[in-house]
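Following the hints, complete the assembly by docking chain B onto the known chain A.
There are 2 protein chains.
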Amino acid sequence: AEWNKVLLGVLTGAVALTIGILLGHFAIDKGSSVPDWVRDASRDVDESIIEKFLAELDTNQLRENLRELTKVPHMATTPGDEATVDFMLKRWQDPNTGLDSAWRENYKVYLSFPNKTSPNKVSVGKTGYLFTAREREKVYKPDQEDPEVVQPYAAYSPAGNVKGKLVYANQGKMSDYELLNRTLDLTGTIAITRYGGEGRSKKYTSFIALNAINAAKFGIVGVLVYTEPYDMNDGLVSESETYPHSWYLPPSGVERGSYNIDFGDLLTPYLAAKDDTYRIPKEDITGIPPIPAQPIGFEDAERLICELDGDDAPNEWQGSLNCTYKLGGPGFKSTSTFNNRLEYSANVMGIIRGSVEPDRYVIYGNHRDSWVHGAIDPSSGTAVMLEITRVLGKMVKEGKWRPRRSIIFGSWGAEEFGLIGSAEYTEEYFSKLSERTVAYINVDISVFANATLRASASPAAQSVIFTASKQVKAPGTTTTVYENWKQYSNRTSPNYGIIPNVGFLTGAGSDYAAFMHYLGITSMDISYFYDRSKTRARIYPAYHTAYDTFDYASTYIDPGFTSHQAVARTAGNVLVRLADSLLLPFNCSDYAESLDQYLGQAVTAFEEKLAAKGISMGEITRFSRLPLKVRQMNDQLMLLDRAFLDPLAFPEQYGFRHVIWASRSSSVPTFPGLADAVEKAESTGLKEDWDQAHKHISIVTQAIAGAAHTLDDVI
Amino acid sequence: AEWNKVLLGVLTGAVALTIGILLGHFAIDKGSSVPDWVRDASRDVDESIIEKFLAELDTNQLRENLRELTKVPHMATTPGDEATVDFMLKRWQDPNTGLDSAWRENYKVYLSFPNKTSPNKVSVGKTGYLFTAREREKVYKPDQEDPEVVQPYAAYSPAGNVKGKLVYANQGKMSDYELLNRTLDLTGTIAITRYGGEGRSKKYTSFIALNAINAAKFGIVGVLVYTEPYDMNDGLVSESETYPHSWYLPPSGVERGSYNIDFGDLLTPYLAAKDDTYRIPKEDITGIPPIPAQPIGFEDAERLICELDGDDAPNEWQGSLNCTYKLGGPGFKSTSTFNNRLEYSANVMGIIRGSVEPDRYVIYGNHRDSWVHGAIDPSSGTAVMLEITRVLGKMVKEGKWRPRRSIIFGSWGAEEFGLIGSAEYTEEYFSKLSERTVAYINVDISVFANATLRASASPAAQSVIFTASKQVKAPGTTTTVYENWKQYSNRTSPNYGIIPNVGFLTGAGSDYAAFMHYLGITSMDISYFYDRSKTRARIYPAYHTAYDTFDYASTYIDPGFTSHQAVARTAGNVLVRLADSLLLPFNCSDYAESLDQYLGQAVTAFEEKLAAKGISMGEITRFSRLPLKVRQMNDQLMLLDRAFLDPLAFPEQYGFRHVIWASRSSSVPTFPGLADAVEKAESTGLKEDWDQAHKHISIVTQAIAGAAHTLDDVI
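So the protein sequences, as listed, match chains A and B.
For the first sequence, this note's numbering assigns the number 1 to the initial residue and increments by one for each residue that follows.
For the second sequence, this note's numbering assigns the number 716 to the initial residue and increments by one for each residue that follows.
Chain A extracted, bound-state conformation:
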């Protein structure tokens, strides 16, 4: 057999050696005289198991999971969150459909809540005008009446009582404030900004902290952030056109968010937040706004923006509210109080023990906490995870299947406050996870909308996602998830021609961050997504509001739960393949293709500029083509992403160690350290900044060369 030859060709590593020998000499040559233990150790993915697994994933189960998970608001550490902990444990400990074992792990973490008895207030006064913003979203369904619905707020922004002239600052980007600063004195003002700026390509909301951090540099004393209907509602603003009449955000809906930039518990950077752990002083927390911030809905934003006077805002700053947006306006007042405190947040962990390689882990996770009911974010993902564990658990309990490698399921706590549960987990088990984890699969929001699959991943994982998605039917079509995806989002690959476009995991948008960036584990994030030709909504409109409910999800997002099912089937298929494949289904040449793409961007954008400063890109060019005589060996494959880690490459960016996929400010889609350094050097023109660009070339070169060395012949 062809693959037998391949195996015999890679006899040089311990794992592959063994399996190759066992297979080559017994399973194949000697047929049925093979002892059971040889057959077990040499078994590859069983396609009939995958078929059975896919068939069992059930839309009714998915719907009932979601209904149960979203009965009450379950913000991190609240009673509702505790109820979901119990629910997960009950399911994972079920004698017929549960996992081998399941337990909770607590961390004592620093969370930020509004003060219930003294709610945050926003008001505006000028001659003949007094307006106070609403403190709760309008009630359309019983869900919004729940007393546990938290007042919209900007977690981790400081409490404060500020007054000042109101100015409109578009998306709160540095360039927005700079433009405004040319005509207005911003000192002592309060800025109203819209969501969707600095955070765009990074964490869905966390980089919103920059709206306020940037503002403070101009002497601004407070920031309001609102959801612009042009960005979110395709321009629709009336109650009759929004939820509960459509999926669009009602005028009073407010997007909550955590206004911190670093992920993980803010008081215990790099250390797991156990009871006795050293905690930095609160005043040493970095990456949070120095001035108060408050999110508001567009109903209230309209009352503020349409009262502004001064010059007209530029065209591209205009939105869908019923007036011309101007730059400066009336006096304004904002009061916020917070009750920030340490709380125990739980991860719920569950495992299926591997049969052959129990000390190799495939981890599948999602957070459990929401801002309010969180039907889409995150419960659509949790519903999928629970349905996957039900079907796999049943097969295990019935003795029909056991994965080759161990599978770890993680239901992370306090993600909304900054990916806290997953980050603390990776800190506590750093060495063990680093040595043994094959891959991390993240399914957070599983269904943004029901048009097409969306995946972001380390390039090593592209091929297994493709394999899985070719075996799943796309809901509402006659084709596969793969073919449907290729129609909605594709690119031309030098190796394969037109293929679906897999995004990169360059930010910290969900719990994959600590796995990808801090541990260097091959990671991926999978969901169902929009038809971009039909809406320009920044994200599904009820995101982080009191309208993200079971009613909303089951009426407007995925009524038949077929998109949930498609995600469960695709992600679950990937999971089983990673756990059962004899040789890990990671593809180094796909990684090389992405590196070539990055290198091409870097050469195009920077080579000439750098040469002008006497800095050569020679070495990086030489090393960037990973050797194609790649040995398809699991150890190397598992550790491939680890080889790109450099804990000192970005000392100022918490937890970002992966020199290829780290967060990037520059618009050039290439090596982040290099791109940002060149951008800075160009703007300052300083020799020391060009030196930093040179340094980042050396860092990337060494990382790529180091990764190539791990794929070289053995020595």
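Honestly, I wouldn't trust all of these hints.
[What the hints assert, rightly or not] Dumping the calculated PhoX-like pairs for lysine-lysine here, alpha-carbon to alpha-carbon at most 25 Å: (1) B:LYS831 - B:LYS786; (2) B:LYS823 - A:LYS613; (3) B:LYS823 - A:LYS687; (4) B:LYS1048 - A:LYS609; (5) B:LYS997 - A:LYS613; (6) B:LYS1402 - A:LYS282; (7) A:LYS613 - B:LYS989; (8) B:LYS1395 - A:LYS282; (9) B:LYS989 - A:LYS687; (10) A:LYS687 - B:LYS997; (11) B:LYS1328 - A:LYS274; (12) A:LYS138 - A:LYS71; (13) B:LYS1188 - B:LYS1109; (14) B:LYS989 - A:LYS274; (15) B:LYS805 - B:LYS786; (16) A:LYS173 - A:LYS217; (17) B:LYS1249 - B:LYS1328; (18) B:LYS853 - B:LYS1048; (19) B:LYS1201 - B:LYS1188.
Read the hints as simulated data drawn from the structure, not as lab findings.
Same frame as chain A, now just chain B:
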């Protein structure tokens, strides 16, 4: 068989699984019907091969190796060094006794040399007295006449022309300067200090830089460093009692040294020093003296110290020179010029490819460069390495043996300038070495003296060193190296009773530093050493002088080369065992014993003090006992030391990441970060410094807990 049962008990890991199955079911149960490939894959250490190997290691070959290596001075990158590169390559590429392959690897590194045409000068003038220190050591044998003998100097100390009153500052420790500062105004003075202070427990010489770094803090403008005969010569000072009449240092002998604290190339921290690599500006180099320094011999030191006036120095500051040491004295002048430049330094690399696990490496190394002829330092070690490679190479070429794992031999360049060759190698191949290296064996100075074995090691390696040393006869005795060692240096182990004392690798004394501290690879350093009851010599007296020659080594250190042979046999035996053992011979409970020892020290010294500040040591106590249900699996064993790495634990200490074995200033022999933090907090009394102590408890706790997790049951 018992070990078969053990193997069957650990069937849970891929490597052990395989081997266990193969062995358990074929090699043992089915005897001679076993196919060759199964026998190969399941072969353990072959004691008959070890016996044959030990018998072939030959004293005459060792002597001739040393003679050849020390024909001329071979300071890094000089023509003499190039000649040793050629010699090593010729030997390792020999068709009958060479390795599978051998090659050189160049790095472009920043080195510091005295200026040949303008030598460094030291002179003293006062009324009726003018004295100029000698620029070369006195000639007793032709070796000292070689024009390539470099003028004694303090590498990396700045050039300068300084004048000032001379003061005597003992060992140049902070406490020495502080004491002096109580009675004298040190501003503008020049200090004469003796070797052996701050650097004592760390790198043999590099921490000597502190003599000058400390001095500068008191306004001192230049530092002389001399070798005190009390410390080095057991008090002997006359020419008739020193070399060539004994092993003691002649009056004109001067100890050269590199006056830098950080290891690796100083211009490319964390990056391999390739041609195009980014280099930091020279003015950003840290860890070098801010004021000129110059080493001198005790003949010259006597002329200076005995001219001093002022108060008598304290008793413990007195030495063996022929006068009472006083604190302050005459005017003094020192001129130094340097020619610091980038040079290509070569590592010579050689390999024997493993048969079963070629992608697992055992690395054996020593530096090749010396200060002058370097017969003891480092050529005694290189002679041993060449004899080991000759015998192993011959067995491989004759088809009689091939190791299970690959063996990599490294002949490092530019160690004397700060462990440069080995550090650059670990930077260039960081990921690959980190993933695959089983252990690093360092044999630098192989024979300090001929009394007893000395070994420092990660505790995991203690047992294999013991096993090896029990199989070697101690020269000049009727007992084994192990029993002889136990007589000279022992301790009482809770697990074993009285055993030889294996030191810890807590500093950066030789090329093991980058492997142990930067990569977390289980490392060891092996040599033959003094009878401490017979001499208090700080190190062998000709160390780093023009008298460290073949004549000196073969006349006074090891005339029969039997101690060289004993080291070759012990280190070579360890090497073969690490390369051939089916299960790695590392012992986790020995590691646990050392951690318990550290913990005991920490609790005794700090628990009460910390409790008084409200900081609990509870967690660290709970975790410190590594689980004894240890699975003896190679992957875990290989990676055990890696689990203690924390790249951010000591941000101010270059390359030190191992939280247990990092360098330590405190005298309490326990966790270095904790010990130093408590010491600092006690001296300042500041809350923020106690907070740092708390932080280091959390760092150590997490590292130990993390290591324990890697040894736990699989999940």
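Hint by hint, here is what the structure shows:
no., hint, verdict
1, B:LYS831 - B:LYS786, "holds, 22 Å"
2, B:LYS823 - A:LYS613, "holds, 21 Å"
3, B:LYS823 - A:LYS687, "holds, 23 Å"
4, B:LYS1048 - A:LYS609, "violated, 50 Å"
5, B:LYS997 - A:LYS613, "holds, 19 Å"
6, B:LYS1402 - A:LYS282, "holds, 15 Å"
7, A:LYS613 - B:LYS989, "holds, 19 Å"
8, B:LYS1395 - A:LYS282, "holds, 23 Å"
9, B:LYS989 - A:LYS687, "holds, 21 Å"
10, A:LYS687 - B:LYS997, "holds, 15 Å"
11, B:LYS1328 - A:LYS274, "holds, 19 Å"
12, A:LYS138 - A:LYS71, "holds, 19 Å"
13, B:LYS1188 - B:LYS1109, "holds, 23 Å"
14, B:LYS989 - A:LYS274, "violated, 43 Å"
15, B:LYS805 - B:LYS786, "holds, 16 Å"
16, A:LYS173 - A:LYS217, "holds, 12 Å"
17, B:LYS1249 - B:LYS1328, "violated, 47 Å"
18, B:LYS853 - B:LYS1048, "holds, 23 Å"
19, B:LYS1201 - B:LYS1188, "holds, 13 Å"
This entry does not satisfy hints 4, 14 and 17, going by the numbered hints stated previously.
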